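Colleague: Construct the complete structure from the given sequences, taking the supplied hints into account.
Number of protein chains: 2
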Amino acid sequence: MKNFVFQAPTKIAFGEGQISHLPKLLAEHGQKVLLVYGGGSVKRNGIYEAAIGLLAENKFIVTELAGVEPNPRIETVLKGRELCLENEIDVILAIGGGSTIDCSKAIAAARYYDGNPWDFTQDRSLVGEALPLVTILTMSATGSEMNGGAVITNLATQEKLGMGGPTLIPKASILDPTYTYSVPTIQTAAGSADIMSHLIENYFSRNTTAALQDRIAEGIMKTVIAYTPVALAEPTSYEARANLMWSSSLALNGLTGSGKEGTWTCHAIEHELSAFYDITHGIGLAIVIPRWMEHVLNEQTVSQFVAFAVNVFGIEATGDDFAVARAGIKALYETFASWGIPMTLPEVGIDESKLALMAEKAIEHSAITKHGFVSLEAKDVEAILKNCF
Amino acid sequence: MKNFVFQAPTKIAFGEGQISHLPKLLAEHGQKVLLVYGGGSVKRNGIYEAAIGLLAENKFIVTELAGVEPNPRIETVLKGRELCLENEIDVILAIGGGSTIDCSKAIAAARYYDGNPWDFTQDRSLVGEALPLVTILTMSATGSEMNGGAVITNLATQEKLGMGGPTLIPKASILDPTYTYSVPTIQTAAGSADIMSHLIENYFSRNTTAALQDRIAEGIMKTVIAYTPVALAEPTSYEARANLMWSSSLALNGLTGSGKEGTWTCHAIEHELSAFYDITHGIGLAIVIPRWMEHVLNEQTVSQFVAFAVNVFGIEATGDDFAVARAGIKALYETFASWGIPMTLPEVGIDESKLALMAEKAIEHSAITKHGFVSLEAKDVEAILKNCF
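Heads up: the sequence lines are chains A and B, in that order.
As numbered in the working numbering, residues 1 to 389 make up the first sequence, in order.
As numbered in the working numbering, residues 1 to 389 make up the second sequence, in order.
Read the hints as simulated data drawn from the structure, not as lab findings.
Some hints could be false.
A pair holds if it fits inside one copy or across any two, identical chains being indistinguishable in the list.
[Unchecked claim] With a straight-line Cα cutoff of 25 Å, these simulated BS3-like cross-link-like pairs (lysine-lysine) come out: (1) Lys354 to Lys59; (2) Lys43 to Lys79; (3) Lys24 to Lys2; (4) Lys79 to Lys171; (5) Lys43 to Lys59; (6) Lys386 to Lys24; (7) Lys32 to Lys43; (8) Lys24 to Lys171; (9) Lys79 to Lys2; (10) Lys2 to Lys171; (11) Lys330 to Lys386.
Every value quoted in this text rests on a predicted model; they were computed, and no experiment measured them.
Modeller: Here you go:
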C-alpha cells in the first residue's frame, strides 16, 4: 500500500426527504446563494421548486445560473464567476448531476482567481481559495458530490480536461434516491457505467498490496451490477436507486483509490471522444473499457484480471488464468450491453476519421505513457479505439 | 436503506514516516498540547521519542498524561480535565490504541463540561464543545481514530459504557503501520477480532436493503481474515499491518453502519464482561460472537447468515440454508481460535458466579431487548454466556 492522505469531509444527508436539511446546511456559509442547474429536468421533477421554496422561506438571496451543459463549458464557468462577483455570492448550491456540480466547482475556484479559469486544467496549484459548495444530487454517476475533482470542456480547442483541489470538495451533499426516479433509462445505464469505470480505473493499479481497497471496490462493483438492472426495469425502486446513489459517492471519494498507484487510462481516452464528439461520458467509458482490458491483458497483469473475474463476477478459478481473465472481461462487456448501452463507436456517431488524432491527444493530455496501469503509446490507444468498431 | 447523515472528516495521514505531518496537523489548533498515552510501550518502540522530538523542534508546549489504562477509567478522565484547565491546553495529542484515544475524547469533552464527565455515558446530548484531538495510532482495533465514539469504565460501579458525539471525531490521525510491528501476538489477534466485531454488529441488522454497506463490510472482513494470520506469523509484514490498520478505521467510521438499523448486541454483552472482570475487549467479543450467532439463528435470520457464510468464507450455497449458516458460524469460530484467542470464558478467568448478574446489566445498560438484531431478554444473554463455557 502506498502512502496517502485521505480526507472525505463532505457531510452526506442521505435518504428520502433529506432536502429538509438544506437551509441549515447552506446557512453555515452565508445568505447569498448562486443556484446552479442544467436543463429543465429539475423543474419538471419538482426538485427546483422544493429547493426554491425552502430558500425563499428562509430568506436566502438567490441568483440563478441555469443551462449548464452535459459536458460543462468554460464559457459557463466564466458566466458563473461574473454572477458571483456581481452578487457577492457566499455559497454555491448545485442541483444536478456531475456536470452541474463540476461546473459549480470551477466557478467556486474561479471566484478567487483573476486569470482564465481554464488555467486550472493546466496547473492544479492554481486552485486555491474557493466559495463553499453544497450539492443536491439528481443522478448517480460521477461521484462529484463527494470529491474535489471536476472536468471542464473547451469546445473551441476541443479539449475536455480535469481540474481539482481539496477546497472544491462539497461541504455537504443531499442524496435523495427518489430524485433519480426520473433519470431516463440510457442515462441510468451510463451513470452505472461511469461508477464502474471509477472502480475499475482504481482497481487495475500497478501495486497489488492495497488489498482492502480492492475488496471494497469489488463490493461496490457487485452492488452496481446487482442493482442497475433493477433500476432499469423498475425506475422507482427505492432500494435500487439508493444503493446506486451511495455507490456513486463511495466509488470516487478516495476510498478505493487511496494507497493505489498510477494514472487513469480509460478516462484519458474517453475524454477525447467526448471532447471531439460531445458523447455521453459513461457510454464512451463502457465502450472503451473492455477493449482496453483486452489490450493490456498479459503475463504481468493476468492475475489481477483473474481476481476481477472471480471476485466480481463469481467466475470459477479453473487454473487456466487467461481463460478466466477473458471470461471476466466478457462478463463486463455483456453486463454493459445488457443495460442497453450501445457498445461500438459507430453507434454513438464516431467514425474512423479522427482515431489517430484522438489517440495522440490522449497521450498529450495525460500521463498514461509513463504512469498508466500498462504504459500505452498513441499506437496502442489507436488500436484500442479501432477495436471499438 | 434507512435515512442517515454521514460525515467522516478526519484527515488520515497513512503510511510509514507520516509522523512528519504531526507539527502541521497540530499547529492548526494551537501550541499547547496535552500528550496522552498509556503504558510504556510507546517509549520502548520509539514513537514517543519521535513525537516529542518533533514537538520540541516546533516549539509546542507539552503537558503529559501518561498511564491511561487498557479499559480507561473515569478517574483518568478527571485528571486529564484538570491538566487541560491548569495548562490552558489547545489541542490533545493521543498516542496509542483505542483506550488512549477514547480517554482523550472524554477529556476533550470534559474540558468544557462542569459536571461529572461520567454523565456523558448517561446522556449523549451533554457532549458539546470539545478540545480538538489529533491521534497517532499504535494498534489496529477499535476504529476510534476515525469516529466520535468512546468507551469509559467506572470500576467503582463496575460499569463500562459508551459515549460520543461529532465534536469528538479526531481532526487528524496518523496511521503508520510500522507502529504496530511490536504489538504482541495476542493483542494483534484481539485487535482483529475487535475489527471483525464492528463489521459483524453492523452487518447483522434488521434491515437488509443496505446491500452496499454489506458488500463493503464483507470486503473488509475478507481482508482482516486474510491478513491477520500473516501479521501473526510475520509481525513486520508491512502489507499485512497496513491492510489491518486501514481496516480498523474503515470498519467503524460510519461506512458499514450508516443506513442500517438497530443497536449492537455483542458489545453490550462484552462490556459487562470487561466491566466485571477487566478482560481484553476483543477477546471477550471473539468468545461471545459465535455463541450469540448460534442463539439468534432462526427462520427469519438464516438468509443473512447464509450471505455471511458464502460471501465472507466462500462456503458453497448448497441450498440447505441452516447447514450453510452453521458452517459460516463454525468458520468464524475456527478463525478466531486459529489466531490463538482463548475461546471460552474460564480461559480468561470468568466463572459462572456472575453470569445472571452480567446478563441483567447488559439488558439494563443497552437497548438490545427493543432494538437488537434479534430481541434478547436477560435469560437469552445468560444462555449465550453459559454457552461460552
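Colleague: Decide, hint by hint, whether the structure agrees.
Modeller: Hints, verified against the model:
no.	hint	result
1	Lys354 to Lys59	neither (52 Å within a copy, 61 Å between copies)
2	Lys43 to Lys79	within (21 Å within a copy, 58 Å between copies)
3	Lys24 to Lys2	between (38 Å within a copy, 21 Å between copies)
4	Lys79 to Lys171	within (23 Å within a copy, 36 Å between copies)
5	Lys43 to Lys59	within (21 Å within a copy, 57 Å between copies)
6	Lys386 to Lys24	neither (52 Å within a copy, 50 Å between copies)
7	Lys32 to Lys43	within (21 Å within a copy, 53 Å between copies)
8	Lys24 to Lys171	both (12 Å within a copy, 22 Å between copies)
9	Lys79 to Lys2	neither (40 Å within a copy, 39 Å between copies)
10	Lys2 to Lys171	between (27 Å within a copy, 22 Å between copies)
11	Lys330 to Lys386	within (18 Å within a copy, 52 Å between copies)
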